[in-house]
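Taken in sequence, the protein lines are chains Z and A.
Everything in the first sequence is counted per this note's numbering, starting at 1 for the first residue and increasing by one.
Everything in the second sequence is counted per this note's numbering, starting at 1 for the first residue and increasing by one.
If you're looking for bench data, these hints aren't it; they were derived computationally from the structure.
Careful, some of the hints might be misleading.
The list makes no distinction among identical chains, and a pair is therefore deemed to hold if it is satisfied within one copy or across any two copies.
[As the list claims (entries may be wrong)] Below, in silico cross-link-like pairs of lysine-lysine (BS3-like), each with a Cα-Cα straight-line distance of 27 Å or less:
1. 71 to 109
2. 17 to 290
3. 109 to 269
4. 269 to 17
5. 290 to 216
6. 288 to 199
7. 216 to 269
8. 296 to 135
9. 109 to 216
10. 234 to 269
11. 234 to 17
12. 216 to 265
13. 216 to 296
14. 216 to 135
15. 234 to 38
16. 199 to 290
17. 288 to 17
This one's a predicted model, so the numbers in the text were calculated from it and none came from an experiment.
2 protein chains.
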Amino acid sequence: MYIPTFEDMLAARDRVKPYVHRTPVLTSEFLDDLTGAKLFFKCENFQKAGAFKVRGACNAVFGLSDDMLEKGVATHSSGNHALSLSYAAGRRGIPCYVVMPRTAPQAKKDAVRGYGGIITECEPSTSSREAVFAKVQAETGAEFVHPYNDPRVIAGQGTCSAELIEQAENLDMVIAPIGGGGMISGTCLTLSNLAPNIKIYAAEPEQADDAARSFKAGHIIADDAPVTVADGLKVPLKELTWHFVSNHVTDILTASESEIVDAMKLIWKRMKIVMEPSSAVPLATILKNKDMFAGKRVGIIITGGNVDLDSLPWMET
Amino acid sequence: MYIPTFEDMLAARDRVKPYVHRTPVLTSEFLDDLTGAKLFFKCENFQKAGAFKVRGACNAVFGLSDDMLEKGVATHSSGNHALSLSYAAGRRGIPCYVVMPRTAPQAKKDAVRGYGGIITECEPSTSSREAVFAKVQAETGAEFVHPYNDPRVIAGQGTCSAELIEQAENLDMVIAPIGGGGMISGTCLTLSNLAPNIKIYAAEPEQADDAARSFKAGHIIADDAPVTVADGLKVPLKELTWHFVSNHVTDILTASESEIVDAMKLIWKRMKIVMEPSSAVPLATILKNKDMFAGKRVGIIITGGNVDLDSLPWMET
């Protein structure tokens, strides 16, 4: 297992710079008053392809050796990683093969195709996904880029907090949502080198709290298909991300489904930004643990903005 | 009739500076590709109280003479002006009296009260509103601040385009929605002095096209209660705003209800910002008049972001 280094993050920063936005950091007097903290929202919902994942995807794609270019890249994902890898591959002019369940929403398939991704459908089961993916990879010889358990991806995600600490000085804490742990791992990689005094918190849905339970247990616990509105956070930790989480994270906080939806709506209403349910989990955990954050300068990573505008979570209840 | 001067705008700029945001200008590669133009979105949806109206309201409130402070300010509005005037009065620590129809949404009443506004309810008719407002004004002696037909308000709104042309250089055109014409008048005031080569366009719902018909006819035409999703744009031009519109606007373009809703959803989806239907009218008109804007550098004023998240227009159909 190769663990990405600080030098890998620095190289990633130069590599991805032409292809990703330096996203803005927004503040909200209202939310500061409500929480008692000073909050700095790093808005990766404004990122290319709508999410931070494009950082890791671009680092992987633009770091590919020349002999791999013709074969391209491949992944199995129905979320932001598929979009981001398709975007990155398109910018480099190489093929991107995406295995997606045939039941994935048409809008997601259209979005992947819109960025030039080549979709192969599988049945909505792990066994089918793995079988179909193995076949695609064998036929194309494409380089597999895992959504998070990949040193290139983690080094790429680390560029986000490198920007954040330039844009918001003297932070006491940074908090980000945790699913597979790619963003949190990149954050650990960067901050443990550049700003080791900043405490790193992860935020997770109560209904998909495998990372929180892993953190307490001291080893990876993987849940089978948890159900949560924060659909980017259903996947389990893997070896690489566990390495960073177990070594550098201060704590993993959780929030209920209704707390997540309330926090999401509050951010939309007050900050006038469109972001995903996953991105609301950090604020939800801050609101229920105010004493931990009061008086602190807190960086919050708004991870993405790809949400189905026809089916917003507060309208489903 | 006192017509505000460029010096009034410069004074407004200094006066409101501590109380309003210098809002960001966002761009979208996707929307540039779609329109063939280079678009610069001046995001007043991120403004204090959620809309550009706070500029004019602050200029009026902070320009009040000392002997008026105790009596405060008053208006009749159920929209962003009521919010903005309440915010401004709250910052100066003076009372703000707002006459609102008793049928106005509870959320709007709550928002006005949240900023410290004192609401007096009237029946939902013009006669009741005028009678109740006259009574409130007589009892309080408060200074009436009209939502747009007021030189202090127009000078305040003019500070928006003064920022825009610093943030986005060499614009060929600026386009903004038109209702009563306060924002357009402020834009005319500023640009006719600072950048007279920039053409000014106004954008209006087809279903509330009284400004477009006035423009063609050469005199003010006022409609009675037009129906449109762009609920900030239902009010008619008045003498002061007609002065600016008739002298400085190049053309007034219109869009249908479905074109407005489509443009709104497109901006939410692609730019990840929450904005009002009114703010989508300019993009809707650009999309249906692509030849006019292709190859041009176009400033678009996103006027506000106060929208009911529980009832979005694309969900009502």
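Here's how the hints hold up against the structure:
no. : hint       : in the structure
1   : 71 to 109  : within (22 Å within a copy, 60 Å between copies)
2   : 17 to 290  : neither (36 Å within a copy, 32 Å between copies)
3   : 109 to 269 : between (29 Å within a copy, 16 Å between copies)
4   : 269 to 17  : between (32 Å within a copy, 24 Å between copies)
5   : 290 to 216 : within (22 Å within a copy, 58 Å between copies)
6   : 288 to 199 : within (18 Å within a copy, 51 Å between copies)
7   : 216 to 269 : neither (35 Å within a copy, 38 Å between copies)
8   : 296 to 135 : neither (51 Å within a copy, 49 Å between copies)
9   : 109 to 216 : neither (37 Å within a copy, 47 Å between copies)
10  : 234 to 269 : both (26 Å within a copy, 23 Å between copies)
11  : 234 to 17  : neither (29 Å within a copy, 45 Å between copies)
12  : 216 to 265 : neither (30 Å within a copy, 43 Å between copies)
13  : 216 to 296 : within (25 Å within a copy, 58 Å between copies)
14  : 216 to 135 : neither (38 Å within a copy, 66 Å between copies)
15  : 234 to 38  : neither (29 Å within a copy, 39 Å between copies)
16  : 199 to 290 : within (16 Å within a copy, 50 Å between copies)
17  : 288 to 17  : neither (36 Å within a copy, 35 Å between copies)
Checked against the numbered hints listed earlier, the structure breaks hints 2, 7, 8, 9, 11, 12, 14, 15, 17; every other hint is satisfied.
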